[in-house]
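4 protein chains.
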Amino acid sequence: MSGNTFGNLFSVTTFGESHGPAIGCVIDGCPPGLELSESDIQPDLDRRKPGTSRHVTQRQESDTVEILSGVYQGKTTGTPIALLIRNEDQRSKDYGNITETFRPGHADYTYWHKYGIRDPRGGGRSSARLTAPVVGAAAIAKKWLFQQYGTVFNGCMSQLGEIQIPFESWDFVAQNPFFAATEDTILITQLEEYMDALRKDGDSIGARIDVVARNVPVGLGEPIYDKLDAEIAYAMMGINAVKGVEIGAGFKSIAQRGSEHGDELTPDGFVGNNSGGILGGISSGQDITVSIAIKPTSSIRTPRRSIDKEGNPVVVETFGRHDPCVGIRATPIAEAMLALVLMDHALRHRAQCGDVKSSQ
Amino acid sequence: MSGNTFGNLFSVTTFGESHGPAIGCVIDGCPPGLELSESDIQPDLDRRKPGTSRHVTQRQESDTVEILSGVYQGKTTGTPIALLIRNEDQRSKDYGNITETFRPGHADYTYWHKYGIRDPRGGGRSSARLTAPVVGAAAIAKKWLFQQYGTVFNGCMSQLGEIQIPFESWDFVAQNPFFAATEDTILITQLEEYMDALRKDGDSIGARIDVVARNVPVGLGEPIYDKLDAEIAYAMMGINAVKGVEIGAGFKSIAQRGSEHGDELTPDGFVGNNSGGILGGISSGQDITVSIAIKPTSSIRTPRRSIDKEGNPVVVETFGRHDPCVGIRATPIAEAMLALVLMDHALRHRAQCGDVKSSQ
Amino acid sequence: MSGNTFGNLFSVTTFGESHGPAIGCVIDGCPPGLELSESDIQPDLDRRKPGTSRHVTQRQESDTVEILSGVYQGKTTGTPIALLIRNEDQRSKDYGNITETFRPGHADYTYWHKYGIRDPRGGGRSSARLTAPVVGAAAIAKKWLFQQYGTVFNGCMSQLGEIQIPFESWDFVAQNPFFAATEDTILITQLEEYMDALRKDGDSIGARIDVVARNVPVGLGEPIYDKLDAEIAYAMMGINAVKGVEIGAGFKSIAQRGSEHGDELTPDGFVGNNSGGILGGISSGQDITVSIAIKPTSSIRTPRRSIDKEGNPVVVETFGRHDPCVGIRATPIAEAMLALVLMDHALRHRAQCGDVKSSQ
Amino acid sequence: MSGNTFGNLFSVTTFGESHGPAIGCVIDGCPPGLELSESDIQPDLDRRKPGTSRHVTQRQESDTVEILSGVYQGKTTGTPIALLIRNEDQRSKDYGNITETFRPGHADYTYWHKYGIRDPRGGGRSSARLTAPVVGAAAIAKKWLFQQYGTVFNGCMSQLGEIQIPFESWDFVAQNPFFAATEDTILITQLEEYMDALRKDGDSIGARIDVVARNVPVGLGEPIYDKLDAEIAYAMMGINAVKGVEIGAGFKSIAQRGSEHGDELTPDGFVGNNSGGILGGISSGQDITVSIAIKPTSSIRTPRRSIDKEGNPVVVETFGRHDPCVGIRATPIAEAMLALVLMDHALRHRAQCGDVKSSQ
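Chains as they are written, first to last, in the UniProt record's numbering: chain A, 1 to 360; chain B, 1 to 360; chain C, 1 to 360; chain D, 1 to 360.
Source of the hints: derived by calculation from the structure; they are not laboratory data. Careful: at least some of the hints might be erroneous.
Here are the in silico distance ranges between beta carbons for each label pair [said to hold, decoys possible]:
1) G202(A) x D46(D): 50 to 56 Å
2) F167(C) x Q148(B): 45 to 51 Å
3) P267(A) x E162(B): 31 to 37 Å
4) Q148(D) x G269(C): 48 to 54 Å
5) G272(B) x Q58(A): 38 to 44 Å
6) G33(D) x V314(A): 22 to 28 Å
7) E162(B) x T266(A): 26 to 32 Å
Think about it this way: if two alpha-carbon atoms lie no more than 20 Å apart in a straight line, the pair counts; the simulated SDA-like pairs of lysine to any residue are [stated by the list, open to error]:
8) K309(D) x E264(C)
9) K200(B) x E260(A)
10) K309(A) x Q190(A)
11) K309(D) x T266(C)
Note that beta-carbon positions come from the ideal geometry of N, C-alpha and C, so glycine has one too.
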């Protein structure tokens with residue numbers, strides 16, 4: 001109810017702050033009997049962790065995960081699985097200059113007004129660092145969904161600032177620091193130069209991330225409110241810095257006619273996927289396709305006007321270690337959120353309707 | 001858990017199908033002592049109801065609401081408020097031809113696969129008619145929020161198909177059948193002709209709706225998952241036919257630099273509103289601005305390829321009474337969803353942090 | 001969250017007041033495909049309804065139930081099932097003398113202090129009349145549980161005031177107005193004379209009710225908090241006037257040794273049932289046995305000291321129509337609550353662990 | 001939903017097993033600004049911890065708590081508070097002989113059937129050790145409730161097996177190993193000899209625990225289902241080994257007349273407290289009085305008949321370190337559960353009705 005739990009039947013309750021002793025989560029509702037160890041979780045955490053290229057924050061965190069409960073002799077027992085990640089590289093002094101002022105575009109202002117107190121070290125709880133436990137939890141969901149239905153998740157960056165990044169193949173995503181689905185080295189070089197210039201400017205930039213789930217069973221999602229697309233929108237908009245979410249044709253639907261948008265059906269399946277794999281809030285068995293808009297990081301070195309706690313005008317420049325494009329590390333996070341939504345709805349489907357059949 | 005309840009502390013549980021005996025909802029958590037009668041609710045229902053112009057479905061429903069509980073001597077008592085709306089104009093025979101086939105782009109297919117049974121009359125529960133109880137519930141939320149904080153809600157259509165509709169003033173929204181915030185009669189005529197041609201074609205079209213909440217208290221929203229923007233995205237994407245949601249600058253954020261996007265602060269308040277009134281998932285006291293993309297109606301007269309329950313190819317033409325642009329009636333619905341989100345978070349704020357202060 | 005919804009996956013949200021226009025509920029999460037009509041629900045409502053003997057309130061209510069949604073062509077569709085019961089015999093003037101004072105032992109006092117307003121007509125929402133929608137909802141749960149697992153529910157009154165009522169057979173429960181599991185006509189006569197004398201005195205009395213569920217699948221219930229016994233205790237203590245709940249050996253466990261209490265196991269099953277069918281919060285497949293203590297009705301004709309809203313001393317005598325032993329009608333209610341708990345946990349089991357096997 | 005979270009607005013999600021690396025919890029919803037450090041929590045943990053007298057399990061655990069999040073500069077920030085307690089004394093070999101068999105009266109049997117897998121070391125998640133995190137969480141609730149309303153919690157053992165323990169004063173509870181509210185040294189000696197004999201027998205015994213909350217604000221609790229007494233019953237029955245719960249007069253209500261049971265009111269307050277401080281499910285401002293029945297420990301050295309996983313008959317004797325009367329350490333646990341219920345309802349009250357007034 002206080003907003004730190006994600007999901008209903010596969011529920012993930014997270015805790016921690018950017019510069020506190022540890023971050024982590026408790027996963028409740030994982031089906032028993034799933035083979036699980038830290039090695040199932042660490043790879044996804046490694047994809048998200050800071051310091052992997054010069055284009056992201058240089059904070060050094062191994063993000064080593066420890067399973068504290070819920071696993072016995074290498075298998076889940078049906079009891080809560082707690083994941084613990086110790087923070088290792090807290091340089092809180094970097095943040096000394098922002099304890100009394102509010103960064104434009106940052107949660108500083110609203111946390112202060114809501115709670116009357118805030119932990120300014122690294123943004124406290126509002127830091128994107130808090131996506132790590134969720135990525136860990138989602139690795140468990142992914143494993144289960146794959147074993148049950150063969151479901152797989154992929155994501156990529158499709159736009160960095162004004163630069164469009166064409167999709168070629170998921171195979172290329174891991175081969176560059178941008179999660180770009182391309183092997184076009186000229187384009188990758190262009191992205192690198194763009195980021196280098198931006199960093200030199202002390203500025204930041206937005207991005208677009210696309211995520212897809214394949215081999216999704218038909219029938220996931222609830223009518224009216226907990227529609228699958230509604231829950232995906234909730235999950236994605238909950239990621240730090242996300243300002244927009246599209247399913248399928250998204251905003252392009254506005255200018256489409258019904259005779260163009262509605263995906264026809266043949267005995268061989270759907271013709272087209274404007275729906276993004278969801279009809280009436282329920283998965284159709286097609287690929288689920290989601291696109292999100294990520295705003296530029298608000299912590300930048302460029303001087304900006306703001307106020308302090310007393311309302312006096314100040315100029316804010318943010319030093320410390322920040323991602324100049326928070327979108328770069330967002331791809332594994334968006335995949336994770338999509339996996340958590342599908343996992344929760346797979347269990348909800350079992351509750352009301354019995355187990356789902358495999359995909360379309 | 002089965003997806004028919006919206007909200008946690010101001011929760012609305014709806015029931016009903018398009019052509020069943022009645023639709024309605026139970027509202028739990030309304031603060032006691034609010035003056036309330038049907039006359040507070042009916043006007044919003046009337047804005048949404050069918051048959052108000054030739055551009056929407058011609059189904060005749062008075063959508064007369066009856067309060068069954070929770071009010072004593074004209075005031076809410078803190079106990080559940082049940083709203084009942086009897087269906088009056090069910091011509092189920094209109095739908096006879098679709099009981100065995102699936103309309104392209106429609107929930108027919110997924111309901112069938114999920115539940116193994118579906119009520120085909122008027123789309124059953126997947127009908128946009130089911131937004132009526134929510135609009136009723138939201139009228140109560142709006143009244144309370146206005147009395148407490150002066151919060152007001154407005155919405156308009158800003159795009160119909162390819163046609164952009166410039167914003168001039170909220171005052172004009174009620175003066176045309178499109179919820180267009182303009183008094184440009186040439187543009188209104190153009191919209192009317194566009195719709196007439198579309199109807200003649202037996203086709204449908206998408207739309208963009210903008211919604212704004214003003215005088216919102218600072219501090220609403222929870223960190224991490226139940227961010228205010230995440231809940232708004234969930235609420236909006238849950239409206240029938242919505243395929244995209246933006247907050248503030250939305251997808252334009254992708255190409256913005258941090259020095260452009262982050263709204264500066266002065267002692268007089270924020271300079272700009274790229275954030276759409278939400279920072280770190282918590283309201284900043286600025287206007288909350290939301291934009292949604294609505295797909296074209298899937299029930300159209302144009303013949304389309306589909307399959308029947310046995311998987312055989314068929315051609316589907318949908319007769320019956322349908323909105324050729326479901327977006328036209330979406331404005332009061334989007335306002336309602338936004339009001340429900342804010343109401344719930346106003347109560348959540350009271351729980352953890354005590355009552356909120358008035359707006360910024 | 002505001003306390004008017006029972007259950008998580010088979011959730012029942014009720015509404016209504018004793019003397020308002022109607023009472024009812026919305027049931028969300030019922031599995032699709034269950035054959036259902038009003039005739040499945042009415043018999044349980046008839047067992048609970050007032051006016052069936054001279055020993056209960058003489059209010060005349062047919063408690064006729066109408067299904068408003070969720071059923072199509074005689075089968076549940078997986079969407080919410082709304083039940084509506086119109087109130088027919090509201091003599092609110094009977095309650096005129098209690099609007100300004102608080103009946104000793106009654107919710108009058110606390111509703112007033114909590115909400116600052118209360119509906120005094122017939123106790124408003126605190127009336128035992130509000131158990132009717134739950135009994136209706138439970139009839140659906142019972143039908144599903146019986147079809148899935150053969151689960152059956154029985155209850156009886158085992159004590160009225162000081163008078164013990166020995167258990168002979170469930171067959172006798174329907175043959176007397178007390179839900180006594182005996183055909184001992186001398187005892188029944190004694191109970192009738194006891195109640196007649198009590199009524200003449202203008203006083204009331206407590207009772208003990210026993211409830212049993214048989215053919216319960218093994219494995220229902222969650223560890224730690226949502227233990228099956230914890231949820232049963234919650235359900236039972238939520239029935240009006242209940243002051244105590246026991247599972248299995250209950251309070252007798254205090255003086256038992258472990259070597260006596262722990263039910264031994266043989267290849268033929270358990271030897272004894274001190275556990276009441278629940279071990280570690282999870283059903284064992286044995287009969288679930290519950291016993292509850294019901295306090296005497298607080299609305300009595302005997303003059304009693306109290307205060308009015310301003311705190312002045314007054315003498316309260318309650319006229320109007322009341323049950324002199326609210327325990328008499330409690331048997332079908334207790335059965336209903338037990339059924340709702342098991343139904344919810346059957347669905348929860350399916351979510352996490354897949355479908356349950358049939359009973360032990 | 002999977003049963004490892006307690007509470008709605010002050011929610012406690014626990015994790016861990018008796019012999020895993022750690023146990024702990026995440027507390028979500030704690031109001032910001034409360035001064036908090038480990039020293040506020042450790043004393044309650046110390047009252048509950050094992051090894052404090054020869055009458056409880058000799059397992060050596062310091063139960064040292066670490067706060068991992070949610071506190072900044074000595075104050076709560078409104079974000080989740082994670083508590084971590086490392087397990088220190090796991091002698092899992094003690095449990096080797098029970099991995100293939102089921103102890104009579106123990107959760108072994110049902111966990112196995114529910115999940116198809118169980119952690120047998122120390123009972124895994126079903127161990128009473130898992131009450132430690134809850135006691136820790138409740139220490140925070142107690143501090144807040146005391147600061148807000150002056151609410152205080154007390155508990156004592158009032159019966160050990162057949163031996164009644166008269167109440168004299170809360171002052172004596174900490175002066176003996178039984179949480180007995182007496183300074184009668186003869187009685188204490190009798191209890192000690194009773195326990196010594198029992199231990200020699202390799203048997204166990206039940207107990208009765210009474211708990212009281214004083215200075216409770218009027219108005220806590222929700223009508224119909226989330227009645228305060230219903231939630232207390234749920235909380236108490238969820239404690240390991242509890243088989244019965246009473247509020248106020250409890251089972252004695254059965255034989256009371258209404259004219260005796262209903263607590264009269266005078267301008268000076270209530271006369272008597274048969275209600276146990278709750279009317280219509282809502283706190284009246286009187287002391288809340290609860291009594292629970294705790295069964296004898298099921299892990300005993302006395303040989304008992306059981307079966308193994310294949311259903312073959314076996315004889316089970318349980319060695320290892322067990323409490324011969326799990327009721328002895330139940331007093332601080334019962335206080336903790338009562339505190340958590342009141343805390344949650346205090347926040348729920350704020351949400352719907354604004355802040356509560358101080359006690360009666």
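Hint check against the structure, violated hint numbers in rising order: The structure conflicts with hints 2, 5 and 10, although it agrees with all the remaining ones.
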